[in-house]
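J.: Here's the letter readout for the chains.
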Amino acid sequence: MSDVNLKSKENIQNSNAQQSQNLPKKEGGDSNVIEFENVSKIYQKDIKAVENVSFKISIGEFISLVGPSGAGKSTLIRLLTAEEKPTSGRIYVAGRDITQLKKNELPFYHRKVGVIFQDFKLLPRKTIYENVAFALEVADATNDEIADKVPKIIEIVGLTGRINAMTEELSGGEKQRVSIARALVHNPKLLIADEPTGNLDPVSTWEIIELLFKINRQGTIVLLASHDKEVVDTLERRVISMREGKIISDQEKGKYIL
Amino acid sequence: MTITSIFRILKTSLLSMWRNRWLSLAATLIMVLTLFTISFFLTLLIVSDKTTESLKSKVDISVYFNDSTSKDQIYALQNLLLSRSDIKSVEYISKEDALSLWRERNRDNEKLRNAISESDNPLPRSLEIKADKPENLEAVNTFLNSSDYKPLIREISYKKSKDIIDKMVRLTSLTKKVGWGVSALFILISVLIIYNTIRLTIYIRGEEIAIMKLVGASDFYIQGPFLFDGASYGIIGAVLTSVIFFIFNRISQPAVFNYLEIGNYSNYLSQYGFNNFGIILLFQIIVGLILGITCSVFAIKKHLK
Numbered sequence: 392m393s394d395v396n397l398k399s400k401e402n403i404q405n406s407n408a409q410q411s412q413n414l415p416k417k418e419g420g421d422s423n424v425i426e427f428e429n430v431s432k433i434y435q436k437d438i439k440a441v442e443n444v445s446f447k448i449s450i451g452e453f454i455s456l457v458g459p460s461g462a463g464k465s466t467l468i469r470l471l472t473a474e475e476k477p478t479s480g481r482i483y484v485a486g487r488d489i490t491q492l493k494k495n496e497l498p499f500y501h502r503k504v505g506v507i508f509q510d511f512k513l514l515p516r517k518t519i520y521e522n523v524a525f526a527l528e529v530a531d532a533t534n535d536e537i538a539d540k541v542p543k544i545i546e547i548v549g550l551t552g553r554i555n556a557m558t559e560e561l562s563g564g565e566k567q568r569v570s571i572a573r574a575l576v577h578n579p580k581l582l583i584a585d586e587p588t589g590n591l592d593p594v595s596t597w598e599i600i601e602l603l604f605k606i607n608r609q610g611t612i613v614l615l616a617s618h619d620k621e622v623v624d625t626l627e628r629r630v631i632s633m634r635e636g637k638i639i640s641d642q643e644k645g646k647y648i649l
Numbered sequence: 113m114t115i116t117s118i119f120r121i122l123k124t125s126l127l128s129m130w131r132n133r134w135l136s137l138a139a140t141l142i143m144v145l146t147l148f149t150i151s152f153f154l155t156l157l158i159v160s161d162k163t164t165e166s167l168k169s170k171v172d173i174s175v176y177f178n179d180s181t182s183k184d185q186i187y188a189l190q191n192l193l194l195s196r197s198d199i200k201s202v203e204y205i206s207k208e209d210a211l212s213l214w215r216e217r218n219r220d221n222e223k224l225r226n227a228i229s230e231s232d233n234p235l236p237r238s239l240e241i242k243a244d245k246p247e248n249l250e251a252v253n254t255f256l257n258s259s260d261y262k263p264l265i266r267e268i269s270y271k272k273s274k275d276i277i278d279k280m281v282r283l284t285s286l287t288k289k290v291g292w293g294v295s296a297l298f299i300l301i302s303v304l305i306i307y308n309t310i311r312l313t314i315y316i317r318g319e320e321i322a323i324m325k326l327v328g329a330s331d332f333y334i335q336g337p338f339l340f341d342g343a344s345y346g347i348i349g350a351v352l353t354s355v356i357f358f359i360f361n362r363i364s365q366p367a368v369f370n371y372l373e374i375g376n377y378s379n380y381l382s383q384y385g386f387n388n389f390g391i392i393l394l395f396q397i398i399v400g401l402i403l404g405i406t407c408s409v410f411a412i413k414k415h416l417k
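Protein chains in written order, with the working numbering: chain R, 392 to 649; chain V, 113 to 417.
Wrong hints could be hidden among the right ones.
Estimated spans, in silico, between C-beta atoms of each pair [to be verified]: (1) V:Val409 <-> R:Thr478: 29 to 35 Å; (2) V:Lys417 <-> R:Tyr483: 56 to 62 Å; (3) R:Phe499 <-> V:Val409: 35 to 41 Å; (4) R:Gln509 <-> V:Leu154: 57 to 63 Å; (5) V:Phe410 <-> R:Gln435: 56 to 62 Å.
Non-contacting residues of chain R with respect to chain V, defined by C-beta distances greater than 10 Å in every case (computed) [as the list claims (entries may be wrong)]: (6) Glu426; (7) Tyr434; (8) Ser449; (9) Arg487; (10) His501; (11) Lys503; (12) Leu514; (13) Glu528; (14) Asp531; (15) Thr533; (16) Ile547; (17) Asn555; (18) Ala574; (19) Glu621; (20) Ile639.
Source of the hints: derived by calculation from the structure; they are not laboratory data.
Note that the Cβ used here is the ideal one computed from N, Cα and C, for glycine as well.
Isolated chain V (complex conformation) (with noise of 0.2 Å):
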């Protein structure tokens, strides 16, 4: 196997590719759906997996007081979940801070910053819980619910974020299994039509082929080709897949991290090489190549020997 060689059935490759365009251009595109869906889908899935994970670890438990609890008894119930060794911190919120942070919120909406006045405020005071770690809080919670607190506390919000956390687990799970479904069905259909393109190019090439057999052609030269063809659709697809992809990130990544509110996503993504162009295209490469070079092997055990 010479350089010349490779050159050789590198050459009737691309002609033969070439003169049936319109079958390579379908296969092509089929390949660059397929890498597109997969690459789409892992990033859902890292997004979602990573959403969850930065909200269990933002949760936090908000106790908010009635009116007619005393200041000591929110101190005294304050030492005592700091000295909780699964609770990392415990910050007090008075009246008036409530009041900054509900202006300070409604920054935009001017009706509802006014709605609340120094005078008659009714937002409660509230302790802010951080426990050390997500799945502690749970503890927490059940202490706060016992009896001996109950009748300070008008609401405990962890509830509430628990819902959130558990929607977003079941849709990360939902996403999951839509993803390798809708993946694997676009593989299927990459690998159907793939095998077929490179099946009918056997068959258009079949009079070449017999001359090849006459003259003693090696099998080198006979299968070269269309192990190449099958290379081919998976280099090529990859390389428009990459350059679509990597466009369709840089345009959706700030738009999504707005409206989802959450800033640093860029550093996640960029952990997973997201917004390395060379590793985007290293991985639709290998992809491509496996999926490329397994149907031409197969055509090629069945219908050329």
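Isolated chain R (complex conformation) (with noise of 0.2 Å):
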């Protein structure tokens, strides 16, 4: 691969090195925004989903999640967006048990935690314009507020130019960026990224990791899932690796354990 296709990443290792410099110390328990604890999810006939699952993020970290196929990643992130309720457990966000959360309190929470997705689930037929401005319509932002942020939000994820595109024109990067955009609007504390280059050319894999890091580097807590074997390595985060339901390593400089 020439270097100018792969830019991305060079930044990405550009930057890591940079910073190992000068390393922030991490912080104790008190930064903890997020906490796992002895969390299980068990559907019938005795699939275990999740197994009695602990682990703890704080403010500013960016972690991958891996592991095969049916390891549990996807049911992780859907107890983390409380789209499930674990069968034992809690699950800690901002001091807040999440598994106790009320439906009406739902859609408070869900705009607190952006999501982009492999399949990017945007609005067909619909501009790039009016995609990131569905999420602060449906969550009664006024016209005004509207007409001032989408512009900035857009303009993060660098799609400006194509700002009134409609989404069947876009490419498969420019989709994802419009669900980046998306889950940015409301600011959100967490953004969680379940498989979002599945569906990419690997420049447009690169693009994506350097916008998330970018985004991380911001002060977002970034939690990746992949497969990306590469993508992770490169990374030099931390990583939580999942088999069978279980955590079975997390390490701050972590590699994509096979």
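With the hints as a guide, bring both chains together as one complex.
T.: Put into structure tokens, the structure is as follows:
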């Protein structure tokens, strides 16, 4: 691969090289924003999707969640987004036990957790602007707020020039960037990326990862579930590995364990 | 719930109704049919009721005398009847009067008109008795049927009128039953169709709803458009029905009243607002909204949670 194509990958590597010279000291338990406490999710017929999982996440972390298919990554993510309730255990986010959230509180929680997926989940027949604005509209933002915020967020993901393009006209990488923009409208403290580069070519893959990297450096926790060994290894960040519902490894500067 | 938010769900609802326009059309059509049926039977009911009432009030007893009865005897009877408290008026119809009436009634039919001449007038003399209340006619009828007066009288017309009224009452009651039955049937059908339409729309918009939940949309934005869908079917159906029904009334009223030979029904119906477009519209809208929104609420409860 030529260097020009994978500039994004290089950017990440360079950034890591610089940072290792002045790595900020990790703080103690006070800055733990997310905590899984002996969480299990068991479906009927004893299918243990997630078994006795515990870990803590601090502000500003970038975590890769890896593991083979069926390891429990998606279930873990659904537990974190409160889409599912654990069979046992507790999940704390910003000090709140989200397993106790009432139905009418869920929308507000969802606004605080941005999620992007492998299949982008954009609204068809709408422009980039409309897709991003949508997230604000259904959260009762005023038209003025929307007109103000949306262009700024679209600029963060680098799509200002395409702001009026329809979903159907976008490439995979552009679609994912729109998804990211939409996920950012409420300034979430946590951004979850569930196999975001699964449908992307290598160049777009690295562009997206670089974007996530950038977002993380500005203070958002990023949880990246990925199959991509190269990405995980290049990131040089914390890696939580799962297999058959359990966490088999949790390393600060982890590598993708096969 | 601001104006902006209402506009937003309105936009969503209208867009989805347009995208699935055949579905929306079917739901609206069934709403029109139902509302029209209900209105139609209500009209029938009112007309039947009023006809019965009118007939009852018009009914009187006609007593036809044998030619052998003397004028004095007739006058005596007349005075006796007038002295009764339950009788309003007693009018004497002579043979000549009877002939005039005959000619008047058959003014369109020359043959019948000329069948009777002054020289050979078989029409009997009669007393036209009007009671103050239709219920009291029975008593008068009994009185007249007593042995004192039997030989004088050729015929008492009371029974015939009573039969007609009884028939009207039964007809009205039948109309009521049929009306309720058919209306209930249409309401049931429209409930099923509208409920199903909204359920289908929920399914069709499934992906969009999933995205809404993902970005933390409040229930208002998720459920609102569907409530509005139901309300729309109600309102649009109501407007269409009103126009059709109003035209229907305008056309059919003169024809029907001509046939029934009743002149002042317009008054009765106007009383109920049937000739006032505004009231027709209001009634349809209320019923339409209740139907539409109820279906929405149930569909949402069952399929959007």
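J.: If a hint holds in the structure, say so; if it doesn't, say that too.
T.: Verification of the supplied hints:
A C-beta distance of roughly 33 Å is found between Val409 (chain V) and Thr478 (chain R), which places it inside the suggested range of 29 to 35 Å. For Lys417 (chain V) paired with Tyr483 (chain R), a C-beta distance near 27 Å fails the hint of 56 to 62 Å. Between Phe499 (chain R) and Val409 (chain V) the beta carbons are some 24 Å apart, a value that contradicts the proposed interval 35 to 41 Å. Distance hint check: the CB atoms of Gln509 (chain R) and Leu154 (chain V) are about 59 Å apart, consistent with the given range 57 to 63 Å.
Restraint check, Phe410 (chain V) to Gln435 (chain R): a C-beta distance of roughly 29 Å breaks the suggested window 56 to 62 Å. Residue-level check passed: Glu426 (chain R) sits 22 Å from the nearest beta carbon of chain V, beyond 10 Å. Listed as a non-interface residue, Tyr434 (chain R) keeps its Cβ farther than 10 Å from every Cβ of chain V; the least gap is roughly 21 Å. Every CB of chain V lies more than 10 Å from the CB of Ser449 (chain R), the least distance being 24 Å, so the non-interface label holds.
The Cβ of Arg487 (chain R) sits about 15 Å from the closest Cβ of chain V, beyond the 10 Å cut-off, so the non-interface label holds. Residue-level check failed: His501 (chain R) sits 3 Å from the nearest beta carbon of chain V, not beyond 10 Å. At roughly 8 Å, the least C-beta separation between Lys503 (chain R) and chain V is not larger than 10 Å, which violates its mark as non-interface. Listed as outside the interface, Leu514 (chain R) is inconsistent with that label: its C-beta sits roughly 6 Å from the nearest C-beta of chain V, within the 10 Å cut-off.
With a minimum CB-CB distance of about 6 Å to chain V, Glu528 (chain R) fails to clear the 10 Å threshold, and the non-interface call is violated. A beta-carbon of chain V is positioned within 10 Å of the beta-carbon of Asp531 (chain R); the least distance is around 6 Å. A Cβ of chain V approaches the Cβ of Thr533 (chain R) within 10 Å, the least distance being about 7 Å, so the stated non-interface status is violated. The Cβ of Ile547 (chain R) sits about 17 Å from the closest Cβ of chain V, beyond the 10 Å cut-off, so the non-interface label holds.
The non-interface label for Asn555 (chain R) is consistent with chain V: the shortest C-beta to C-beta separation is roughly 19 Å, beyond 10 Å. Against the 10 Å criterion, Ala574 (chain R) falls within the reach of chain V, whose nearest CB is about 8 Å from its own CB. Even its closest Cβ contact with chain V, about 29 Å, leaves Glu621 (chain R) beyond 10 Å, as expected for a residue assigned away from the interface. No beta-carbon of chain V comes within 10 Å of the beta-carbon of Ile639 (chain R); the shortest separation is about 30 Å.
In this structure, the hints that do not hold are numbers 2, 3, 5, 10, 11, 12, 13, 14, 15, 18, in rising order.
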